[in-house]
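Chemist: With the sequences and hints as input, model every part of the structure.
Here's the letter readout for the chains.
Number of protein chains: 2
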Amino acid sequence: MEERNILLKIAYDGTNFCGWQRQPENRTVCGTLEEALSYVCGQEIRLDGTSRTDAGVHAYGQQASFKLRSGIPTERLAKAVNDSLAKSRLERVGEIEIVWAKEMPGDFHARFSSRGKRYVYKISNAPQVDIFRRNYCYQITRPLDLDAMKKAASLIVGEHDFACFQAAGSTPRETTVRTIYDLEISRTGDDIDISISGNGFLYNMVRIIVGTLVEVGLGRRAPQSVAETIESKDRSKAGHTAPPQGLYLKEVFY
Amino acid sequence: MEERNILLKIAYDGTNFCGWQRQPENRTVCGTLEEALSYVCGQEIRLDGTSRTDAGVHAYGQQASFKLRSGIPTERLAKAVNDSLAKSRLERVGEIEIVWAKEMPGDFHARFSSRGKRYVYKISNAPQVDIFRRNYCYQITRPLDLDAMKKAASLIVGEHDFACFQAAGSTPRETTVRTIYDLEISRTGDDIDISISGNGFLYNMVRIIVGTLVEVGLGRRAPQSVAETIESKDRSKAGHTAPPQGLYLKEVFY
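As given, the protein sequences belong to chains A and B, one line each in that order.
Take the first sequence: its letter number 206 is residue 206 in this note's numbering, and every next letter is one higher.
Take the second sequence: its letter number 215 is residue 1215 in this note's numbering, and every next letter is one higher.
Derived from the structure by calculation, the hints contain no laboratory data.
Heads up, the beta-carbon is just placed ideally off N, CA and C, and yes, glycines get one too.
The reader is advised that the hints may include incorrect statements.
Quick list of in silico lysine-lysine cross-link-like pairs, DSS-like style, CA-CA up to 30 Å [claimed, not checked]:
no. : chain 1 : residue 1 : chain 2 : residue 2
1   : A       : K150      : A       : K233
2   : A       : K122      : B       : K1067
3   : B       : K1122     : A       : K79
4   : B       : K1233     : A       : K122
5   : A       : K9        : B       : K1122
6   : A       : K151      : A       : K9
7   : B       : K1122     : A       : K122
8   : A       : K150      : A       : K67
9   : B       : K1250     : B       : K1067
One side of the interface only, derived from the structure: several residues of chain A facing chain B at Cβ under 7 Å [what the hints assert, rightly or not]:
no. : residue
10  : D13
11  : P127
12  : V129
13  : I131
14  : Y136
15  : E215
Modeler: Spelled out as structure tokens, the structure:
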């Protein structure tokens, strides 16, 4: 049987996973999904995901591709896997959902073919903490100055060397230059969404950008200081790393 | 030192607990809270809760009382316990929160002194399931007829023998007559809240009432049939038991 190259769009609640990437000892999104796919397809499946999201990080639109020899029709894959993932938990929706599956040309690869990604970071700026949202947003009870945050955000958009926004001790990369296409901050009631797209992201880059913007919003940094922070290429000059539970991989561009 | 009688108001996310009531082998809200209280107060604490909520059921306003000999000021209890419950999870809000603590007369008892309770049951009636809400509401993707549900709800209000809404196999009670003070159904966007208060509730009563109302809302039962269901005193004539994750203990009346 001819080998098909299948691309999946995947949503998941990252709360109870040790991140995306397969690990021998820990429960991960990729590992859980590979197990369900292998069961449904009757062959061992290895997934290539676009983004290795960290523990606690969520996704609306992760993408992952794999090679399939079995005869199951592509359009039946999503439902079969979703059912197999949900059925162990009575009356519950699964933590992982395949949104769709489609067949791609043989040379397509979810990660290497990607031209960029969009993340959304969710903040609750309500004056009271809500225990029911603790795994789904960053709760900041002191009021945030959105105008200041937007000013700072505008300095991040464009092509820059973002070494200052890379976690200390990251594996060295060929270059720390990346292009941020847009960085938009919007408020609905007490909820603040920070939407950021770019051609690539360094390790913890979105969470460090958010931590820096939050410090601007709290008045601890001047908006214009972000330009110097970027120029410094020094992680210690940037803000704290915002917690993982506010971060959502929204979409992947091809 | 004189013994004080302390009453707590408690909110919790029931997702990862085997219900309220202390169990030797399982993680429960009461057991977790007793451990934190015992640590903070330096004496073994035994809590009497108002409602023995089931696994997966949440609370905004559970109440529980206990006898305290240690000298810790009542007004410092809530923060001390909340801090001790949250500190094990970096950057996370705890799953349990003491909203307030106050001193009561010696003969007050959280359960026996209670005159009634209010529960809220949350339904999402959005056309798509949201994996991020799977532990916090009942997701029904087919449209619900709210007018029909309200008609049915009006027949439940008042004093009735509610044997039909009691889980089969429940421990026999002296009487299955209860008074429902009000039962209100409201919609905000795709979210439906069913708010119900009464002087007492049989085992699974709110969830069976909600399951029955949902079947009315889906057109599977006529609204007026609920009167006959109550008259029948027969559990098998009522609807399904709605899942626990939509149920919230809202408040306790004294």
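Chemist: Give me the numbers of the hints this structure contradicts, sorted from smallest to largest.
Modeler: The structure conflicts with hints 2, 4, 6, 8, 11, 15, although it agrees with all the remaining ones.
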